[in-house]
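Using the sequences and the hints given, assemble the complete structure.
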Amino acid sequence: MERLRIVYSEINGQPFEYWYLERSESQRINELLKLIPRLHTWTPIKRITKELNVSTAALISSLRALRGALYIDKDSSVGNAIIARFPIVLVLKKSSNLSAIVSTQTFLRAPIYIKKP
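So the sequence shown is residues 170 to 286, counted in the numbering used here.
It should be emphasised that the hints constitute simulated quantities derived from the structure, not laboratory data. A couple of the hints might just be wrong.
Claimed, not checked - Below, simulated BS3-like cross-link-like pairs (lysine-lysine); rule was C-alpha separation at most 30 Å, straight line: (1) K215 to K243; (2) K203 to K243; (3) K203 to K219; (4) K219 to K243; (5) K215 to K203.
This structure is a prediction, so every number in the text was calculated from the model and none was measured.
Written as structure tokens, this is what we have:
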């Protein structure tokens with residue numbers, strides 16, 4: 170498997186600021202890029218982690234790596250092939266209060282949703 174490179178900026182058509190991904194993160198981002206076109210509505214991140222068979226922390230780390238990227242390419246001996254341009258994923262955080270009693274303190278984890286751009 171070729172290494173994936175996330176390019177954040179270019180100067181004169183050449184990548185200036187980029188990051189090489191580890192093999193496991195490359196595989197996770199490849200699977201995420203295949204899944205993104207099927208997300209037509211806001212989808213809970215828990216469902217996506219189950220579908221990709223990854224942990225929530227690993228998926229959030231991959232989403233943070235994609236933030237601000239111009240494109241993702243495969244770095245191989247033959248040449249670099251761009252596999253995704255502007256791989257942006259919209260992330261929405263929602264929190265809900267299920268308790269109507271003010272005196273009771275309930276701590277809820279805000280669910281994170283992903284939507285196709």
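Report the numbers of all earlier hints that the structure fails to satisfy, in ascending order. When the structure is compared with the hints, none of them turns out to be violated.
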